[in-house]
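A.B. asks: Given next are the chains, with one letter for each unit.
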Amino acid sequence: MTNMTKPATDRTSATMENNAPEAGRTSERHVPSLAPEFRRDAPKGATTAAGDLNQETPCFQINALNLRYGSNHALSDVSMMIPHQRITAFIGPSGCGKSSLLRCLNRMNDLIDIAQISGEILLDGQDIYSKKVDVPELRRRVGMVFQKPNPFPKSIYENVAYGLRIQGVRRKSVIDEAVERSLRKAALWDEVKDRLKAPAMELSGGQQQRLVIARAIAIEPEVILLDEPCSALDPIATAKVEELMMELKENYTLVIVTHNMQQAARVGDYCAFMYMGELIEYDTAEVMFQTPGKKQTEDYITGRFG
Amino acid sequence: MLKNWYKSGAPYIWLNAGAIAICMIMVTGLIGLIAVRGLSHFWPAAVIETTYTVPGEEPIRLLGTVRRSETVPASVVREAGFEVPEDQLIVTRHLLQLGNRDITSRDFAWYIGENMGEWTYPENALVLERMTWGNFYGFLQAILEDGEAVAEGEEAWRELYERVERAVDLRQQVMQIERYDIGGIAYQQEQVRLAQRRLALRGEDTPEAIAELEEQHAALQAQFEEIDLHRNELRRQMDRDAVRAETAGGRVVTINMSDIVRAARPNVMSLGDKIGHYIDSFQEFVFDYPREANTEGGIFPAIFGTVLMVIVMSIIVTPVGVLAAIYLREYARQGPFTRLIRICVNNLAGVPSIVFGVFGLGFFVYFLGGAIDDQFFQAAQPTPTFGRPGLFWASLTLALLTLPVVIVATEEGLSRIPKSVREGSLALGATKSETIWRTIVPMAAPAMMTGLILAVARAAGEVAPLMLVGVVKLAPNLPMDGNFPYLHLDRSFMHLGFHIYDVGFQSPNVEAARPLVYATALTLVLIIIVLNLTAIAIRNRLREKFKSDSD
Ligand SMILES: Nc1ncnc2c1ncn2[C@@H]1O[C@H](COP(=O)(O)OP(=O)(O)O)[C@@H](O)[C@H]1O
Ligand SMILES: [Mg+2]
Chain U
0 MTNMTKPATD RTSATMENNA PEAGRTSERH VPSLAPEFRR DAPKGATTAA
50 GDLNQETPCF QINALNLRYG SNHALSDVSM MIPHQRITAF IGPSGCGKSS
100 LLRCLNRMND LIDIAQISGE ILLDGQDIYS KKVDVPELRR RVGMVFQKPN
150 PFPKSIYENV AYGLRIQGVR RKSVIDEAVE RSLRKAALWD EVKDRLKAPA
200 MELSGGQQQR LVIARAIAIE PEVILLDEPC SALDPIATAK VEELMMELKE
250 NYTLVIVTHN MQQAARVGDY CAFMYMGELI EYDTAEVMFQ TPGKKQTEDY
300 ITGRFG
Chain V
0 MLKNWYKSGA PYIWLNAGAI AICMIMVTGL IGLIAVRGLS HFWPAAVIET
50 TYTVPGEEPI RLLGTVRRSE TVPASVVREA GFEVPEDQLI VTRHLLQLGN
100 RDITSRDFAW YIGENMGEWT YPENALVLER MTWGNFYGFL QAILEDGEAV
150 AEGEEAWREL YERVERAVDL RQQVMQIERY DIGGIAYQQE QVRLAQRRLA
200 LRGEDTPEAI AELEEQHAAL QAQFEEIDLH RNELRRQMDR DAVRAETAGG
250 RVVTINMSDI VRAARPNVMS LGDKIGHYID SFQEFVFDYP REANTEGGIF
300 PAIFGTVLMV IVMSIIVTPV GVLAAIYLRE YARQGPFTRL IRICVNNLAG
350 VPSIVFGVFG LGFFVYFLGG AIDDQFFQAA QPTPTFGRPG LFWASLTLAL
400 LTLPVVIVAT EEGLSRIPKS VREGSLALGA TKSETIWRTI VPMAAPAMMT
450 GLILAVARAA GEVAPLMLVG VVKLAPNLPM DGNFPYLHLD RSFMHLGFHI
500 YDVGFQSPNV EAARPLVYAT ALTLVLIIIV LNLTAIAIRN RLREKFKSDS
550 D
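Residue numbers (numbering that gives the first Met the number 0), protein chains in the order written: chain U, 0 to 305; chain V, 0 to 550.
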């Protein structure tokens, strides 16, 4: 346990820095990215041992969240804590509000005119829906990967560099380095290193999805939200993305929506079962898949659902 | 059997293919017709000599080229005033270009085939294109230098070509001087006058300032006189040679070399000579200024004016249309108000173009132009500067006319960009405007180019509104020249579309103008094609660059 909490507190100190002005932040950001090299073996055993939710450092704290699309009550009274540097998986039948919940976490729902939200979501103790929050800045801290790969119609290089360019980074050496680092982390570097200038649209679906992940981690977010990242991929590509997620959780908090029970069991530290916009049960993946507390959860997991 | 054929979908394929075939036939037919009619004009056609005998009258000798031949019912010919025997039902008649408008006053005339004698092709038939009075047809007798015959017979032909070339060269020099040097001095003198006037208006016309300006004026005047001297010398040299020739009617005339544009001996010329002659005439047509109330010479100012106007229009309409579309699609809250705006924009596209012309004249030219003149060009008044039709107002009017096309096409392009791309950009921490300018606009650029292509095609072919806001039959100066500020957007200009109308319908000499109408029409079509191909090439490059799933 002590082994495990150490990087988490490390991370918290880093994120506190993150709230400081730009300059301080970018310099700080490169530290964790270099760190894995010598951190790799130490916390491995530790991170698998996700135990008690109450002992985790909170990343997101969601309190009494309600979401309405017009008259459609998509989320009702959801309260939960999403821990730092863990993989939290959302499962549940289609239309139960998993994506909606995920999109609340980086305020993607702001784009939908009819979406009305109440309740609060705290990220590192700060309300992300408060008026003072700079939404683009929030989205830089909370990255997102969508169900269908959505690379920009630009080159592979430019796709990964996009977020940095938005932040005003001009130095080619800095961008080059970030592109390589992100592509390596996304396990795509070896496949594309000779054709970085090729259009991203020419990549296969699995490669595109890894590219999109590389694009998300290029700006060094704290959290990555993944909405059914493997639903459009074949089993090999899925395995690669899963492996990637396992590696990413050493540095990032991951929240993933999935329809694949095995996937949730394999990669998830914690698992939340949702049904009809309500959070039914939330516990470690082990408990959820072996001794679920609620009948609904058990039915869904065992496939005896509806 | 038939039912199966029907079910197989084959009839639809045939229907679609048929529609395409009809389109192709119409397009190639149209372009083919104007190409053949227009381009054949520059070919040195054979010159025929024949006798023409109207029964009961003295035979006359004719020399000219056959422009057209047709077979018509005798009644048509009788109505036209020809005598045709009662029993004859159909008549063949020929349209001959006889030239010599200064001598016979009939350079084109119809002749009944039956009344013609045998056609011969005399070797020493001479065709001269002249600066005035159109073509001359006759038989070459001698070349004169300072009034003395220096060459006759075959020798005369050799001398003719050489001396025509010399005279043409000299005339080119004179024209250069007149257009650029003397034109430039006149322009600068006008600027000096305006400067003087400005000083007077501001009450700063101190004797010293006036004296300085007058000095400038005098210097320019001296410069002018020097150039004028040089020009007169060139003119004198040009007048040295002359051609003596006999017309078909037997009159011997002397034509000054300075009056000759091009000489030809069509019945003897080899194919190579003819091709050379053709290229020469064609170049003159494209690169020269018009002569003789636009019925002769070139159409360069009209080409220049058309292209420049389209370019200025594109520069105005593209940013305005694109920004308007981006606002409408990306920023404005969609609702009844945006719907109303869209309806207005679409209706704007349906307004007849002449209405835009009226609006342009009333609002742009008189109101805006008048206001600009009052503010900035007081010195030139009462002569208007921007308060009269000109290139800028014409471009602005056409920009207004084509604005809906650009807006609609751009909006279309923006709406086709998948939501996932926007979300992808926003999720990386881009603001809305960063997303729009870095991702959405580049992706919609091909659609914007499509809008521009349509706008250019529409603008280049528009004539009606232009007559009100800037196009003239004959513009003394190009809207662009060597005098500061080089681009004179206030000037009126010539335009191919209006040129066609003017040459075709306002010309005193319909037959002479006919081939020019076709040639000009062909040029206009070609220019539109070239402009469009350029835009399409740009669009395809953009498409290639921003290829996405949605395309
Ligand atoms: N953009 C939207 N506009 C209106 N309703 C939506 C929108 N997105 C989702 N919903 C509704 O919200 C509910 C939850 O959807 P979603 O979060 O996408 O479910 P899930 O991801 O679990 O399949 C559904 O009833 C869906 O119809
Ligand atoms: Mg979903």
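Warning: the hint list may mix true and false statements.
[What the hints assert, rightly or not] Across the chosen pairs, the derived CB separations fall in these ranges:
| no. | chain 1 | residue 1 | chain 2 | residue 2 | range |
| --- | --- | --- | --- | --- | --- |
| 1 | U | Lys196 | V | Asn476 | 43 to 51 Å |
| 2 | U | Glu201 | V | Asn476 | 49 to 57 Å |
| 3 | V | Gly275 | U | Ala197 | 50 to 58 Å |
| 4 | U | Asp298 | V | Ile537 | 58 to 66 Å |
| 5 | U | Glu201 | V | Ile19 | 41 to 49 Å |
| 6 | V | Ile176 | U | Gly167 | 56 to 64 Å |
| 7 | U | Lys196 | V | Ile226 | 54 to 62 Å |
| 8 | U | Ala197 | V | Asn531 | 27 to 35 Å |
| 9 | U | Ser117 | V | Val350 | 46 to 54 Å |
| 10 | U | Lys196 | V | Tyr365 | 35 to 43 Å |
| 11 | U | Lys196 | V | Ile535 | 49 to 57 Å |
[As the list claims (entries may be wrong)] On the chain U side, residues computed to face chain V include the following (Cβ under 8 Å):
| no. | residue |
| --- | --- |
| 12 | Asn105 |
| 13 | Ala114 |
| 14 | Ile116 |
| 15 | Glu119 |
| 16 | Lys131 |
| 17 | Pro135 |
| 18 | Arg138 |
| 19 | Lys147 |
Quick caveat, the hints were computed from the structure, so don't treat them as lab data.
Yeah, the Cβ is synthetic: ideal placement off N, Cα and C, and Gly gets one too.
A.B. asks: Given the hint of 43 to 51 Å, check if Lys196 (chain U) and Asn476 (chain V) actually sit that far apart at their C-beta atoms.
C.D. replies: holds (50 Å)
A.B. asks: Can you let me know if the beta-carbon spacing of Ser117 (chain U) and Val350 (chain V) is within 46 to 54 Å?
C.D. replies: holds (50 Å)
A.B. asks: Range hint 35 to 43 Å: satisfied by the CB atoms of Lys196 (chain U) and Tyr365 (chain V)?
C.D. replies: violated (55 Å)
A.B. asks: Is it true that the C-beta distance of Lys196 (chain U) to Ile535 (chain V) lies inside 49 to 57 Å, as the hint says?
C.D. replies: violated (25 Å)
A.B. asks: Evaluate the given range 49 to 57 Å for the C-beta pair formed by Glu201 (chain U) and Asn476 (chain V).
C.D. replies: Because 54 Å falls inside the window, the suggested range holds.
A.B. asks: With 54 to 62 Å as the target window, see if Lys196 (chain U) and Ile226 (chain V) comply at their CB atoms.
C.D. replies: holds (59 Å)
A.B. asks: With a cut-off of 8 Å, does the beta carbon of Pro135 (chain U) approach a beta carbon of chain V closely enough for the hint to hold?
C.D. replies: holds (5 Å)
A.B. asks: Interface hint check: Arg138 (chain U), Cβ to nearest Cβ on chain V, cutoff 8 Å. Holds or violated?
C.D. replies: holds (5 Å)
A.B. asks: With 50 to 58 Å as the target window, see if Gly275 (chain V) and Ala197 (chain U) comply at their CB atoms.
C.D. replies: holds (52 Å)
A.B. asks: Should the hint that Glu119 (chain U) touches chain V count as held when the rule is a Cβ pair under 8 Å?
C.D. replies: At about 22 Å, which exceeds the 8 Å cut-off, the nearest Cβ of chain V leaves the hint on Glu119 (chain U) violated.
A.B. asks: Can you verify the interface hint for Asn105 (chain U): is its Cβ closer than 8 Å to any Cβ in chain V?
C.D. replies: Since chain V brings a Cβ to about 7 Å from Asn105 (chain U), closer than 8 Å, the hint holds.
A.B. asks: Between Ala197 (chain U) and Asn531 (chain V), does the beta-carbon spacing fit 27 to 35 Å?
C.D. replies: holds (31 Å)
In the structure shown, a violation is registered for the earlier hints numbered 5, 10, 11, 13, 14, 15 and 16, in ascending order.
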